[in-house]
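Okay, here's what each chain looks like letter by letter:
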Amino acid sequence: MLNLEKSLRNKHILVLDDMVEARSALKAMLTQFGANKIDVVNNGWEAAQLIAEKDYDIILSDYNLGPGKDGQQVLEEARYTNRLKSSALFILVTGENAIDMVMGALEYEPDNYITKPFTLNTLKERLIRILKIKNELSEIDQAIDAKQPDQAIALARAKLAEKPNWLVPLTRVLGKLYLQLEHYQEAHDLYKNLLDKRPVAWAKLGYAISLYRLGKNEEALAVLSQTIQEHPRYVQCYDWKATILQELNRHEDAQEQLEQAVNISPKAVLRQMSLGQLALKNRDFRAAEIAYDQAIRLGRFSCYKNAQNYLNYAVSAEHSLINSDDNTSLSAHKLVQKTLKVLDELTQDYGEQSTIKFDALIAASNLYLASKNDEKASEKALDAISLLDDLVSPDLKRMLQMADALVRTQQHIKAQDVVNEVRKHPLTAEIEGLLQNIEKRIDRSVIEAHLSSLNSQGMELFSQKDYVQAIALFDQAAQDRQASISVLMNAIQAKISLMENDGVNHTHLQDCRRYIDKIGVITQDDSRFERFERLKNAFVKLWKNASEPL
Amino acid sequence: MKTEQLAATIVHDLKNQLQALLDYEQQALNQIPAQYHEYLQPILQRTIRLKNDTFQMVMLYRMENMQGFSKDDAWPRDSLNEVLEGIRLQYPHLLCHNQIDSDTQGFYSESLVQLALTTLITNSAQAGATEVVITATDQNGLRIRIEDNGHGFEKSVLDGEKLTTKNEGSGLGLYFVRLIAEHHQQGETKGQLSYGNKPKKDGAFVELFLP
Chain A
1 MLNLEKSLRN KHILVLDDMV EARSALKAML TQFGANKIDV VNNGWEAAQL IAEKDYDIIL
61 SDYNLGPGKD GQQVLEEARY TNRLKSSALF ILVTGENAID MVMGALEYEP DNYITKPFTL
121 NTLKERLIRI LKIKNELSEI DQAIDAKQPD QAIALARAKL AEKPNWLVPL TRVLGKLYLQ
181 LEHYQEAHDL YKNLLDKRPV AWAKLGYAIS LYRLGKNEEA LAVLSQTIQE HPRYVQCYDW
241 KATILQELNR HEDAQEQLEQ AVNISPKAVL RQMSLGQLAL KNRDFRAAEI AYDQAIRLGR
301 FSCYKNAQNY LNYAVSAEHS LINSDDNTSL SAHKLVQKTL KVLDELTQDY GEQSTIKFDA
361 LIAASNLYLA SKNDEKASEK ALDAISLLDD LVSPDLKRML QMADALVRTQ QHIKAQDVVN
421 EVRKHPLTAE IEGLLQNIEK RIDRSVIEAH LSSLNSQGME LFSQKDYVQA IALFDQAAQD
481 RQASISVLMN AIQAKISLME NDGVNHTHLQ DCRRYIDKIG VITQDDSRFE RFERLKNAFV
541 KLWKNASEPL
Chain B
1001 MKTEQLAATI VHDLKNQLQA LLDYEQQALN QIPAQYHEYL QPILQRTIRL KNDTFQMVML
1061 YRMENMQGFS KDDAWPRDSL NEVLEGIRLQ YPHLLCHNQI DSDTQGFYSE SLVQLALTTL
1121 ITNSAQAGAT EVVITATDQN GLRIRIEDNG HGFEKSVLDG EKLTTKNEGS GLGLYFVRLI
1181 AEHHQQGETK GQLSYGNKPK KDGAFVELFL P
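First to last, the sequence lines map onto chains A and B.
Following this note's numbering, the numbering of the first sequence begins with 1 at its first residue and continues without gaps.
Following this note's numbering, the numbering of the second sequence begins with 1001 at its first residue and continues without gaps.
Heads up, a few of these hints could be off.
As the list claims (entries may be wrong) - PhoX-like mimics (lysine-lysine), calculated; alpha carbons at most 25 Å apart, straight line:
#1 A/159 x A/85
#2 A/267 x A/85
#3 B/1190 x A/197
#4 B/1155 x B/1198
#5 A/357 x A/341
#6 A/338 x A/357
#7 B/1051 x A/116
#8 B/1015 x A/116
#9 A/85 x A/54
#10 A/414 x A/372
#11 A/372 x A/440
#12 A/267 x B/1002
#13 A/192 x B/1190
#14 A/27 x A/6
If you are wondering where the hints come from, they were derived from the structure by calculation, not from laboratory data.
Given these sequences and hints, build the entire structure.
So this is what it looks like as structure tokens:
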């Protein structure tokens, strides 16, 4: 017989219950059994903090914790952040009303359950049972914690041969290990063997997963559907159905599965995120908006808080607005206000990262545009430009987003500037494609008018012998891919005049050379031939005078 | 809200209220002098019966709707001990002997099997038994056997003509226990309930088989 007192002494135990009587009763009982290191908390949030800081051996958590996180979420977070060793015990305490609803249907399975109400003796017997199994499995758990899955498998197989009564708990451990090591055929056979004797829900899921991994998608779907019929609240089955359906390119069916799962278990953040992503892919922006709204709300005080959720929410809202028939309606107005608040929160919480600040501004600009507030849209796009310099260069994707936002807000000249900046970098085929798409949307007549205005202002300054200012304008105009020969010549001329007055400057010399190359050949019959020859000669002279070779 | 959701909410509250009632009654029993216990005991007994009735109703509903009760590895000795704590409150003078070995193991829905055991032992008490012995074996499925020293089953019950030997209660106890047994199915093998009288008319036996 297991000695409970010895087993509990010096173990770090966490008791989590929102009801004060339940908390102190449980603590008193555990103390009576011999536990001497017990922490007690009354809400999921504090529990998550404690679990993050301290290694617990045993956690006893009530399922229903009132408003906020429930016991399932505490467990989910602890597993997600790898704060629970395999050798640790997570015991979910639930009212007998909830036990059948909860048992076998939780995506993050606790090690065991205890049903409320319980007496001192019942709790004692239950703990002895649970700890006895845990002790028997301790070598296997240690191997898992030491990241030696092969060793853990060997130990579990040996134990199974020795104790056929332990088929259920050992299959559970072994199945997970096989799936983790991608030994899908072994996992398949193992689960099948258990299911022939014991129809446990998690084994059906494991069986379906191994079928899917072995490429038997239809069979896997059938097993999952049947399991859902028997255990309609087993949300993980919906998740896997969605995964398989996506593989089969049935994205809308997949979304429907995730929506069902979310209805059953609305508090799981990760699933809300997957649903949002899938809905965006399916261009079901309303569904995406709802899912990301939940993901933000649920993630706010958890380890799942994530800037991308905020941005995706804004994208969903933007497209919902574009798709709505009447975006001047009250509901549209409310959506804009809500999204702006979401973006505000994002900037406040992640503002020290300039990329996120930038993304938030672009999102705000797009949102305003969708709600037909062009003025605000331009303003936000302009605010974003100043952040471009802070980006880890070259962040070409964000530069393209910037150019896109500028084109959308009719700021063609600034858009062209950004495009010119992007063109200075080597481009992948993907970026090239996106860039060309933006270039096509830039209004050339605006650009040409601008270039000619720059050119004439430059000429005016040049005639006043203000070469520095003139060069600034000509350079700007010359940057354009389709800059005219006369602009280029003006730029060369201004630079040469400046250098003849103030001495040679290498940057200007290099610019001159670049512009000359860009102009290329001018034939003798061209009226600009003589001017070009003069400029080239002047350039060569300055070049020879340069102290360093070019 | 759908009707079934409404019903579920009401049943949920019903069970909570009954549990609260039980807690209050137990508290009262602990604080009131022993000479008055005879007045509280029947109230407590009725409350427990109401609670079991409610659970039976829920059980019927869930079986009807194909929502299975999750089964898991379980140890009948522990399950029975918990049941006996309740029985002791209800029938303080009934002697119950849990002779199930600690390692005897089964695979069943603990809440259902506990309901079955509660029903069967209550039957024994109502049939005038003063002593109940419970044993179990786990070779080729789990067999839990309850023997008592009461007046045994009437011939009409054994012949299947009548469901009950007593005039109080719904008289559906055995019927429910059979349902529970049959709910535990393993491949082709279904759970079973068998019962009869011991030789020399010195009590009844019931055996619950869970594959």
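Hint check results:
1. Between residue 159 of chain A and residue 85 of chain A the CA atoms are separated by roughly 21 Å; this keeps the pair inside 25 Å, and the hint holds.
2. Distance restraint check for residue 267 of chain A and residue 85 of chain A: the Cα-Cα separation of roughly 24 Å lies within the 25 Å cut-off, and the hinted pair is therefore satisfied.
3. A threshold of 25 Å between alpha carbons decides the hint, and for residue 1190 of chain B with residue 197 of chain A the separation of about 13 Å falls inside it, so the pair holds.
4. The hinted pair formed by residue 1155 of chain B and residue 1198 of chain B meets the criterion: a straight-line CA distance of about 13 Å does not exceed 25 Å.
5. Proximity of residue 357 of chain A to residue 341 of chain A is assessed by CA-CA distance (about 14 Å); at most 25 Å being required, the pair is judged to hold.
6. Between residue 338 of chain A and residue 357 of chain A the alpha-carbon distance is near 18 Å, which keeps this suggested pair within the 25 Å criterion.
7. A C-alpha spacing of about 15 Å is found between residue 1051 of chain B and residue 116 of chain A, which places the hinted pair at or below 25 Å, so the restraint holds.
8. For the hint pairing residue 1015 of chain B with residue 116 of chain A, the CA-to-CA distance comes to about 13 Å; that is within 25 Å, so the pair holds.
9. Among the hinted pairs, residue 85 of chain A with residue 54 of chain A is consistent with the structure: their alpha-carbon atoms are about 12 Å apart, no more than 25 Å.
10. At roughly 21 Å between alpha-carbon atoms, residue 414 of chain A and residue 372 of chain A fall within 25 Å of each other, so this suggested pair holds.
11. The straight-line distance between the Cα atoms of residue 372 of chain A and residue 440 of chain A is roughly 23 Å, inside the 25 Å bound, and the hint therefore holds.
12. Distance restraint check for residue 267 of chain A and residue 1002 of chain B: the Cα-Cα separation of roughly 22 Å lies within the 25 Å cut-off, and the hinted pair is therefore satisfied.
13. For the hint pairing residue 192 of chain A with residue 1190 of chain B, the CA-to-CA distance comes to about 20 Å; that is within 25 Å, so the pair holds.
14. Restraint check for residue 27 of chain A and residue 6 of chain A: the C-alpha separation of about 17 Å stays at or below 25 Å, so the hint holds.
Going through the hint list in order, the structure satisfies each hint without exception.
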